[in-house]
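Visitor: In terms of numbering that gives the first Met the number 0, the sequence shown opens at residue 0 and continues consecutively.
Heads up, a few of these hints could be off.
Claimed, not checked - In silico EDC-like links for lysine to aspartate or glutamate, alpha-carbon gap of 16 angstroms or less: (1) Lys76 - Glu38; (2) Lys76 - Glu101; (3) Lys76 - Asp31; (4) Lys76 - Asp142; (5) Lys76 - Glu57.
Said to hold, decoys possible - Pairwise CB distance ranges, derived in the manner of DEER restraints: (6) Ser22 - Tyr122: 36 to 42 angstroms; (7) Val84 - His45: 31 to 37 angstroms; (8) Trp102 - Asp70: 15 to 21 angstroms; (9) Ser22 - Lys76: 31 to 37 angstroms; (10) Leu77 - His23: 18 to 24 angstroms; (11) Thr66 - Leu87: 36 to 42 angstroms; (12) Ala88 - Asp126: 16 to 22 angstroms; (13) Gly132 - Asp39: 37 to 43 angstroms; (14) Ala64 - Asp133: 20 to 26 angstroms.
I should point out that these hints are in silico values taken from the structure, not numbers from a laboratory. By construction, the Cβ of each residue, glycine as well, lies at the ideal position given by its N, Cα and C atoms.
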Amino acid sequence: MSNYPPGTSAGDPRAPWNAPDHSHDHEWYPGDVDNPILEDGAAIFHERCHYAEGRYGEGWECEEARTFRCDVERVVKLRDGEPDVAYLASEEDHHNEWRFIEWLYEEALIAAERADRNGDLNYLDVDPANEYGDGYVRVRVNDYEVVYTQE
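Taking the hints into account, I'd like the entire structure generated from these sequences.
Guide: Encoded structure:
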């Protein structure tokens, strides 16, 4: 015996008692805009929808999330007493893994990701990535400065 009306089944996707319609315009709120996640050569910003229905603790909350990404644009090698040297990401050659610029990029990006996980990273500029495409992040780690921009 079931609690469903006669002639219907529990697995009927058209049944009116399945999940209610929670359609809404998402209300996006950024996460920690001053500390993006550095991962895979990018600075990643998270946003969550804060839409909710019903009373606190008894209602329904939207679980949608989205991310915006700033990809590495350049790595600057900081040199004491000499001019700094900037290496552009557009000059990177993925087919020649052992050239100096690829080695330098790998060293700088891994150092930034490790420092980010340990909380030792020095953020110089942070302009959160967004739907308009003007995000910018600049960090310093060891003797490198890494610049991420949103494309």
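Visitor: All the hints need checking, so say for each whether the structure fits it.
Guide: Status of the hints after comparison with the structure:
| no. | hint | result |
| --- | --- | --- |
| 1 | Lys76 - Glu38 | violated, 20 angstroms |
| 2 | Lys76 - Glu101 | holds, 13 angstroms |
| 3 | Lys76 - Asp31 | violated, 28 angstroms |
| 4 | Lys76 - Asp142 | holds, 6 angstroms |
| 5 | Lys76 - Glu57 | violated, 54 angstroms |
| 6 | Ser22 - Tyr122: 36 to 42 angstroms | holds, 38 angstroms |
| 7 | Val84 - His45: 31 to 37 angstroms | holds, 33 angstroms |
| 8 | Trp102 - Asp70: 15 to 21 angstroms | holds, 19 angstroms |
| 9 | Ser22 - Lys76: 31 to 37 angstroms | violated, 51 angstroms |
| 10 | Leu77 - His23: 18 to 24 angstroms | violated, 48 angstroms |
| 11 | Thr66 - Leu87: 36 to 42 angstroms | violated, 25 angstroms |
| 12 | Ala88 - Asp126: 16 to 22 angstroms | holds, 18 angstroms |
| 13 | Gly132 - Asp39: 37 to 43 angstroms | violated, 19 angstroms |
| 14 | Ala64 - Asp133: 20 to 26 angstroms | holds, 21 angstroms |
Taken one by one, the earlier hints fail for this structure at numbers 1, 3, 5, 9, 10, 11 and 13, listed in ascending order.
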